[in-house]
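Enquirer: Here is what each chain is made of, one letter per residue.
Protein chains: 2
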Amino acid sequence: MTDRSGNFRESTVKNRMNYHFASRIEHTPRSFIREILKLTEEPGMISFAGGLPNPGLFPVEGLQNAARDVLKEDGPQVLQYATTEGYRPLREYIARFYYEKHNISLSPDNILITNGSQQCLDLVGKVLINPGDPVAIERPGYLGAIQAFSLYEPSFRGVTLAGDGPDPLALERVIRDFSPVMFYGVPNFQNPSGITYSEPARRKLAGIMEGTGTLYIEDDAYGELRFIGEPVPPVYSYMPDQVILTGSFSKIIAPGLRMGWMAAPGPVYTALVTAKQATDLHSNYLAQRIIHRFLTDNDVSRHIDTIKDAYRRQRDVMVKTIEEAFPKEVTFTRPEGGMFLWVTLPERMSAMDLFHRAIREQVAFVPGDPFYTDGGGSNSMRLNFSNSDEETIVEGITRLSQLIVSMVEER
Amino acid sequence: MTDRSGNFRESTVKNRMNYHFASRIEHTPRSFIREILKLTEEPGMISFAGGLPNPGLFPVEGLQNAARDVLKEDGPQVLQYATTEGYRPLREYIARFYYEKHNISLSPDNILITNGSQQCLDLVGKVLINPGDPVAIERPGYLGAIQAFSLYEPSFRGVTLAGDGPDPLALERVIRDFSPVMFYGVPNFQNPSGITYSEPARRKLAGIMEGTGTLYIEDDAYGELRFIGEPVPPVYSYMPDQVILTGSFSKIIAPGLRMGWMAAPGPVYTALVTAKQATDLHSNYLAQRIIHRFLTDNDVSRHIDTIKDAYRRQRDVMVKTIEEAFPKEVTFTRPEGGMFLWVTLPERMSAMDLFHRAIREQVAFVPGDPFYTDGGGSNSMRLNFSNSDEETIVEGITRLSQLIVSMVEER
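Protein sequences, first through last, are from chains C and V. Going by this note's numbering, the first sequence opens with residue 395, and the numbers climb by one from there. Going by this note's numbering, the second sequence opens with residue 395, and the numbers climb by one from there.
Don't read these hints as lab results, they were simulated from the structure. We treat Cβ as the ideally placed atom computed from N, Cα and C, and that holds for glycine.
Distance windows between CB atoms, simulated:
id	chain 1	residue 1	chain 2	residue 2	range
1	V	Glu723	C	His414	42 to 52 Å
2	C	Ser499	V	Ala556	53 to 63 Å
3	V	Gly660	C	Thr786	35 to 45 Å
4	C	Leu433	V	Ser695	37 to 47 Å
5	V	Thr606	C	Met746	39 to 49 Å
6	V	Pro423	C	Ser695	36 to 46 Å
Please work from the sequences and hints to get the whole structure.
Expert: In structure tokens:
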């Protein structure tokens with residue numbers, strides 16, 4: 395297997411053309427994380443920037459066996475074109491999972507298999523957003539959702555997050571004043587803030603939203619990664635005809651397979667399937683079969699417990715080191731699960747400024763600004779704890795603390 | 395592994411909601427092929443309707459070995475998030491392929507890995523089409539492209555296909571009168587017609603298009619499946635800065651992996667990568683690695699020769715049986731490759747009428763209407779020859795011929 399690069403003549407493309415683009419693409423931000431990829435991949439760099447799971451926890455052997463078995467037993471069929479909705483036994487597995495874990499009744503007929511939960515956001519945008527439509531999003535909000543929806547040129551309306559969920563007054567105001575087509579949120583271990591909606595906050599949200607024309611897009615990419623406290627019912631269970639629920643195998647199996655799913659009420663589901671078909675016919679069928687085989691042949695709960703144990707230890711070390719090392723003026727969230735925590739520096743201190751200093755000390759993170767659709771957040775930052783071992787976390791947080799201390803002293 | 399279905403309580407979704415959809419989804423047709431799927435899957439049905447490769451020709455063992463090797467040697471990495479552009483050695487392989495096979499210089503830096511070539515069409519639509527923009531498309535045109543572009547609400551302009559490529563006068567008129575943002579075509583063994591653009595037709599097309607603002611979208615999903623005659627240079631080679639070239643592993647390896655690619659001039663490429671990132675971050679990375687490993691470890695030319703031998707035999711039997719059995723008033727194309735041929739019934743004879751009669755005789759095909767964006771084609775039909783063995787082809791064509799003969803006599 396040769397990976398030889400080079401040996402290509404210079405491209406003959408001369409670009410005499412004046413290319414014209416659709417306005418939607420000009421409104422779509424590129425990911426900050428992607429822009430700094432070259433920096434974060436430098437040898438010696440400690441990166442709290444990305445959102446990568448720990449690859450040491452991927453179930454390589456189980457997936458290897460699953461791939462071998464489905465190809466051996468059903469080779470031609472697992473390599474053929476398949477239905478847009480997805481492999482039915484996999485959709486049945488997902489429906490059973492919601493029933494057994496959350497006592498939620500979802501029909502497999504309302505579940506669509508997607509290319510990771512990121513594609514759910516693209517399909518939601520395709521099906522729901524006309525240009526200029528108001529779209530409510532958490533403040534701070536998930537960067538990938540801002541990107542995905544931006545392609546459909548909405549007018550974003552931020553709903554500030556309090557410590558236990560969306561600020562009810564802010565949500566009420568946005569819904570009343572703008573009647574958004576949807577409110578997008580990540581109720582468990584939110585990206586970027588690490589915040590989880592409490593049960594009363596979910597009930598309150600449903601109380602505010604029910605009967606309005608606004609759909610709630612419940613992105614539950616991290617839900618299985620709870621390592622502290624008790625699970626809270628999905629927002630879906632409070633108003634099932636008003637929620638599109640999305641999930642992902644990226645955090646509990648592996649992200650490279652790009653496998654996620656979404657569940658939606660009938661009429662919305664039909665539109666989503668039409669959009670999915672026009673977009674890429676169906677998701678990788680071999681990967682669907684591998685994942686289904688892996689899920690049925692292995693003790694998945696035990697596998698997830700292993701991930702949670704590791705992440706909890708990493709989260710505990712990060713929290714403890716921050717508590718000990720960061721100045722008292724700095725506040726931060728203590729997530730009950732997931733992969734991120736959120737740091738708020740003293741007012742008027744710039745996280746972007748800290749970022750540039752930190753890069754020189756070989757520590758990377760994501761400053762808060764890109765998570766805000768309407769400005770703000772410039773004194774906040776996201777730290778990932780899932781992709782660094784405990785020793786590295788201590789070292790990286792210690793370096794950050796020295797920089798923050800000196801920035802506080804400069805003021 | 396249990397595939398038990400059922401055991402789900404009825405969905406609690408009551409649909410009291412009035413769901414509002416983006417206008418783009420209401421403009422997107424569902425696939426006729428999909429709509430008739432239940433019919434074509436009935437036992438005993440002879441189907442010339444779909445566009446499926448012959449699954450007996452999938453390189454199951456080679457892919458099984460490739461999957462085993464990449465997971466064994468590089469497990470954690472092949473399961474992790476990856477770059478949006480795609481696995482670089484795979485992009486290098488594709489660039490080398492174009493250089494060695496077509497003497498075309500393409501940089502891997504201009505190649506993006508996609509979820510089959512269908513996703514190329516979605517990304518092209520995202521990046522190039524504003525609502526109402528004129529988009530030129532072959533007449534008849536590929537159904538999947540009509541669907542994919544419809545999401546971006548263009549105004550389609552049909553360019554009638556002659557026997558050896560787009561009718562130059564029709565193309566000239568559409569470009570002059572509408573300045574379309576793009577002209578989408580399938581120059582090799584077109585879907586649905588089986589027509590291939592001749593070399594002079596390609597030169598003529600470039601002569602008409604060069605210097606205009608219209609990009610040519612060259613969908614070459616079938617290019618490797620030429621079993622008669624000599625290869626013709628891609629349209630790309632005549633005007634490289636004005637062509638987006640798309641390709642697919644679906645027809646030469648397997649479609650279930652949903653792997654394709656596109657090559658585009660720099661500024662367009664940059665926009666496509668932004669769109670791809672917002673859409674699904676990147677294509678299934680394990681599948682990219684499996685395909686790359688398969689390509690480098692196997693004699694791919696020989697594998698493709700096996701496919702071509704089988705399809706040529708099937709094509710020959712279909713052509714010969716039609717020549718012998720169909721009435722003289724019926725004309726049809728004799729494709730030099732690919733998977734389809736195109737039948738034109740006498741004027742005013744309805745292929746949809748024939749379709750309904752044929753279904754009763756357990757033969758399915760696709761009537762011509764859905765391949766036209768502006769009406770027409772009602773006396774034409776598409777027949778697939780790649781997914782039926784020779785005996786089945788003789789039997790199915792014979793049944794069709796009896797129906798056509800009796801319809802001709804009824805007139």
